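Protein sequences, first through last, are from chains A and B. Okay, so the first sequence: first residue is 0 according to numbering that gives the first Met the number 0, each after it adds one. Okay, so the second sequence: first residue is 0 according to numbering that gives the first Met the number 0, each after it adds one.
Errors might be hidden in some of the hints.
Unchecked claim - What follows is a set of in silico ranges between Cβ atoms, one per label pair, in the way DEER data are often shown: (1) Asn-331(B) <-> Asn-254(A): 25 to 35 Å; (2) Ser-30(A) <-> Arg-379(B): 36 to 46 Å; (3) Lys-268(A) <-> Asn-391(B): 48 to 58 Å; (4) Ser-364(B) <-> Gly-245(A): 26 to 36 Å; (5) Gly-246(A) <-> Ser-364(B): 20 to 30 Å.
No wet-lab data here; the hints were simulated from the structure. Quantities reported herein were computed from a predicted structural model and do not represent experimental measurements. Here a beta-carbon is modelled for each residue, glycine too, at the ideal position from N, C-alpha and C.
These are the residues of each chain, in order.
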Amino acid sequence: MSIDYNKYETVIGLEIHVQLNTLSKTYCSDSTKYGAAPNTHISPVSLGHPGTLPVANSKVIEYAVRLGIALNCTIRERNEYARKNYFYADLPKGYQITQDKTPICDGGFVNVTDKNGDPKKIELTRIHMEEDAGKSIHDIDPFDSLIDLNRAGVPLLEIVSEPVLRSGEEAYSFISEVRKLVRYLDICDGNMEEGSMRCDANISVRLKGDTELRNRVEVKNMNSMRNVQKAIELESKRQIGVYENGGEVDQETRNYNAAKNETSILRSKEDAHDYRYFPEPDLSPILIQQDYIKKIKSTLPALPEELFSKYTKEFGLSDYDARNLTETKAIALYYDEISNHTKEYKMAANIVMGPLKSHLNDKAIEIGEFNLSASRISEMIQLIKDGKIANSKANKELFPLMVKSPDVTVQKLAEENHLIQESDSDALLEFVQQAIAKFPDKAEAYKNGKKNLLGLFMGEVMKLSRGKADPKVTNQMIREELEK
Amino acid sequence: MKNFTSLSEIRESIHSGSTSCQSLVDYYLERIDKHKDLNIYIEVFTDEAISRAKKVDEKLQAGTAGRLAGMVIALKDNICFEGHKVSASSKILEGFESLYSATVVERLLKEDAIIIGRVNCDEFAMGSANETSTYGPVKNPCDPKTVAGGSSGGSAAAVAADLCQVALGSDTGGSIRQPAAFCGVIGMKPTYARVSRFGLIAYASSFDQIGPLAKSIEDAALVTEIIAGVDPNDSTSSSVPVTPYSEAKIPSGKKKIAYLKEYIESPGLNPEIKENFLKLISDLKAQGHIVEEQKFPYLDVIVPSYYVLTTAEASSNLARFDGAHYGYRSPNAHDIESTYKLSRTEGFGEEVKRRIMLGTFVLSSGYYDAYYTKAQRVRRLIQDRTEEVLKNYDFILMPTTPSTAFEIGVKNEDPTVVYLEDIYTVHANLAGIPAISLPLWKSSENMPIGVQLMAASFKEEELFSFSKLLMNSKN
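Please work from the sequences and hints to get the whole structure.
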């Protein structure tokens, strides 16, 4: 029996954990630096030693407010912390300090494109602040599990979406928008493989047209955007299969195995934790004033959506170009900087997306490591615009020279390397006359109608000018001279 | 050597050359050894106290000594002291040594106090008789057949037996005041948030406060003044300025004092205590103070709501003692699950387990609103009503305990009977206000009886000031 998957729609809500790149932990001054030797970024507080107390890191609140503003959320004035109680080997206190009834951000939305390429607004439920747990390591010692508490207490923001996503593709697009944004805001490096962004998906399916939600399954442990998409597609098919075979989907938690591309049960509903949330008595509630929010707002960098609309509306770029340029913050900022020096927006975009990006790819470097200033690009644009160098020549020959000698003006580089097109008409005229003088019989033949001889003279002028002659101008001049 | 009542007496004596920190420490060490049977000290920091005494003597000579030079202090075994063992009198912290010092310890040391050792208490400060300690009960120096009270039983007994000048205790529901009353010393619980909790092993975080047990108001006020004040390591600590409590004078004017009708009419109140209390009221009236009865209709719910809230917090606070990270780990554990289960089963005593279970229960989904939320509401009612009374009155006066110290072993059968010991003391913790127990009377059996004075939040200075008046009336 074949299953008609199209009868169903998938309903997905995502929980994204964003690990903040603050210098110190959420509730103490331990470093948060990734990759240190195990159990070196610890203190009595992060070890959960008796008598220790948490002290809230104000940067975490600032970052949460930044993200909240960028995601159009309502920022809560009175923020309480709560304890989420459960036993886990890498949770030294036996509870996690998080937020329960009073998340710092309520509502908000993210704009994505759905699978038809149409814009779709993904509403958020909330964003709250919490701390990370340590890491249990099971594959180093053959007998014991090892615990590394460097990560214990590293700050996280949890972004919870409404169950409004409808496909793995949409989920992919949502996560990639969120990742782009946290990178723009410079609050997280967005690296899913290293675990600085983690995602859990709540998935259910229902017949198209139904409004009631069916039992949902939480899928965990998807450590890339592609895996999230794959896990959702897999789980959705699994659930449809269960229903189509007359079964019921249980509310449970499943683990995704990327290597096998399958999910397996982690916890059934009966084993679900009762976290016994209650207000954290060791931290006073944090009050966030409107003035504070205004101040944060004023320091926010330009965000991708704003830049997109600036590039399409003000600069007249295509949606494709604008999206491409705003994909990563550093590229967008670089382009933005060029646009401060030139009005040739399209040409600038072409250079950034063309020779510049391929240079970065070739060298496998980020734009942060690229040492050519944006104003040099605008100098290059000026040369092209003035007709002193042809576009293709500029990209292919001049650009690599600029990268090699970023301190030299582009004009000088072009001159020294004989890349300036000869558009000085006196000099050019001399070359043209020399060329005609060299082949008097051919000149005669041209005059008699052998127009295809023009190429011969062009070649000669180019030879004489060592390639610098502007072909357009030269062409014109040769005709004029021959037809005199 | 005489039993000094206050640090100022000691300082005079040192100044006149008749004693020194070194001889004081020798004196206490000898007495501690002599009174071992009272089971007060868990550990004596002998060598350290001797060498520190020597240094403080030098500083005194040089005129560079701090304000607590000459004061020998004992710490309740739930206050952390860097490089020293701390166990909260529990097997689960067997062998555990603190990596840091509590803020109060830092502040005492900065003023040249000498810390002589750590003293017994109820396990994780849970108990009203010091009978839940893994080290066994503390005996009351006034009558070793009776309990010293709890949970700071060792602290109260140490001061009463003159095994130190002052002891620090902690008070979650009366744990300083009740043993102070049982042992005949002064016990002070400051306003919640007045003293940093950093380094105090938590029982119930929104109730716990550290405070002194002392022989004189003067000492209690001085130590409170020094340990109080905002602490960056405790974000719940208050930034309200600390006034010079140690300079509190007997008030010259007349005060308005309330006593709570239901408290005095409680059938559990020992008639002898009631009699003394009523006599005090008439004496105060005779002195021209206004003493009036006020209604407080929450007596029946005060102890239950206290136990719901404190056990809820305790169930979470004590989750960290899991055998995985530090302290006791069961030798029979073979995986993470059995490490938790066996270590906690073997490491915690009965009373602590009872409270963890109770607290876990009241926070469980399905029961949360019926217990935890309701108890929070009751706490709010108690706070509001207390505030209302203290708007019209300077103080609230009540007995510290419904009875005098009872015999060891008699009350540990039914925990709810012991819980009722706290009936007068939990009020101040639920309301967050400061309260002091003063050893004003003796029973016909010559056992101490305490009276309790409470004031509005951060009125420590007023509290000490009126306490001086009450203590003077005793003499």
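field: Distance restraint hint 48 to 58 Å, applied to the beta-carbon atoms of Lys-268(A) and Asn-391(B)
entry: holds (55 Å)
query: Is the gap between the beta carbons of Asn-331(B) and Asn-254(A) within 25 to 35 Å?
result: Check passed, 30 Å falls within 25 to 35 Å.
36 to 46 Å as the expected CB spacing between Arg-379(B) and Ser-30(A), which holds or is violated: holds (41 Å)
task: State, for the Cβ atoms of Gly-246(A) and Ser-364(B), whether the hinted interval 20 to 30 Å holds or is violated.
output: holds (28 Å)
message: Is 26 to 36 Å respected by the C-beta to C-beta distance linking Ser-364(B) and Gly-245(A)?
response: For Gly-245(A) against Ser-364(B), whose Cβ atoms are near 32 Å apart, the range 26 to 36 Å holds.
No hint from the list above goes unmet by this structure.
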